[in-house]
Amino acid sequence: MQTRKEKYKTVAYYPGCALEGTAQPYNTSTKAIAKELDLELQEIENWNCCGAMEVKNIDPEIQTYLSSRVLSLAKNETKQDVVMAPCNGCYHNLKKAEYDIENKQKSRDVVEKISKKADHPAYEAGEVETIHALDWIKFGYGEEELRAKIKGGLKGLKVANYYGCMYTRPRHIFPEKDQGGDSESTSKPHYMDDLLEIAGAVNVDFAMKTACCGGAHTLSDSDMSTKLVLNILQAAEAAGAEVIATECPTCHSGLEMHQIRALKRLSKQTNVKVIYFTQLLGMAMGLSPRKVGLHENVSDSMKFIREKGIA
Amino acid sequence: MSDFAQLELALDQPLASDSPVEAAVFLLHAGEQALENWLLAKDRQPTDALREGFRILALHRQGAKGDPSFNACRETARELVYHYNLVRLDPDHAKTGHRLQMMQLLARHLVFFIGGKLQEAGLGEFCCAAKPVRLNSI
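Protein chains in written order, with this note's numbering: chain V, 35 to 345; chain W, 715 to 852.
Any given hint might turn out to be false.
In silico DMTMM-like pairs for lysine to aspartate or glutamate, Cα to Cα no more than 25 Å straight-line [to be verified]: (1) Lys138/V to Glu722/W; (2) Lys222/V to Glu210/V; (3) Lys41/V to Asp239/V; (4) Lys298/V to Asp762/W; (5) Lys39/V to Glu178/V; (6) Lys809/W to Glu178/V; (7) Lys779/W to Asp239/V; (8) Lys39/V to Asp239/V; (9) Lys779/W to Glu163/V; (10) Lys779/W to Asp212/V; (11) Lys211/V to Glu766/W; (12) Lys809/W to Glu231/V; (13) Lys756/W to Asp216/V; (14) Lys109/V to Glu210/V; (15) Lys302/V to Glu722/W; (16) Lys189/V to Glu179/V.
DEER-style ranges, computed between Cβ atoms [to be verified]: (17) Glu77/V to Tyr796/W: 20 to 30 Å; (18) Arg802/W to Lys147/V: 53 to 63 Å; (19) Tyr796/W to Val332/V: 51 to 61 Å; (20) Arg758/W to Lys113/V: 24 to 34 Å; (21) Asp72/V to Arg802/W: 33 to 43 Å; (22) Arg802/W to Met35/V: 15 to 25 Å; (23) Gly190/V to Tyr796/W: 21 to 31 Å; (24) Arg802/W to Lys138/V: 24 to 34 Å; (25) Ile294/V to Pro782/W: 29 to 39 Å; (26) Lys302/V to Met715/W: 22 to 32 Å.
In short, the hints are calculated from the structure, not lab data.
Every residue, glycine too, gets a C-beta built ideally from N, C-alpha and C.
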């Protein structure tokens, strides 16, 4: 039987829309890490939107189909058994599609019907395993191996690890979590903490690891989003964090944008930096800030990172 | 019971009580009131039951019935309880001030999150900013 290390060595890569847009630095740093760790990412050709939040709200079955098409492409075109999605929204939706196709006849019917019309094989439950970038690095490369790969390290950088609301919820679509041992916890996720600790960070006790960032509220009620984000930023600072590490493009851009907005609209300044965990890992391995796209973040942390001696 | 605006205002102020335990009780109660507001807006009578020894957890469970996205504030409620326990267990601990500060931020998060969800209730799911925009454009 294949170990996870063998299984995750080469994966189908599903960046999703965000990583080609506002979260380009997450894409850049994920690819840079893959190269550094000799892990192979085979991007799924002709991938489509996972159905995100918009389609799901209008018709959840169509969202299931859209995600199933990505899974079908991973299996039948990219010829991979594992698809890695760094975006929490994509990861969540692929997992939800997997659950729905396995457990709901209606979902199976819709997927079969539209797949037939679209002329591609309908995805069947269990054909592909969906993993997050955190699983990919933790198990595909290995923690001890990662330790050996760290060069300068994060030099005791104080980090609040922020997972957002979609990485662990709803629990039933993540049957592999909460299984004890080295499985992820849905109430107190720790994979990002584990990896960044290996990279030399000091993780602070952060009470809002999975709190809502108000991301989806941004358009309809920006003030509420700003208040939610400000609260998260203040909680991170109160916990002693210098950086909030992120693994969700929606959370990341929300934290960055509303940090600025909180200053403009509410005259509330926070100084904590917002950096993707892949960027932090990459720099800990000796990659330059530019190589991990740090200069493309809205939250300007170039000077800070240099002052900390990380780059 | 205070409404969302009153709760937000109260949680924006420095804590009134010099007693850490009183302050912790106040903050836990603020979280309960946010959940009570949610339930009453949904025409449901807030429970007086306890879950794992706490009414706030029973209220959250009641509030999440039929609305799984409400679970996005489950850990916020649990963290509030966790910090409350820390303060109650050792009010003279050196970190009590910090723990109360965290409680205040957590209670505020509950108020903002639930208040936001209520605002959206007439427009569509909270977890979709597109729907109100789409409806308005039709």
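- Message: Hint by hint, where does the structure go against what was stated? Just the numbers, ascending.
- Response: Going through the list in order, the structure violates hints 1, 3, 4, 6, 7, 8, 9, 13, 17, 19, 20, 21, 22 and 24 and respects the others.
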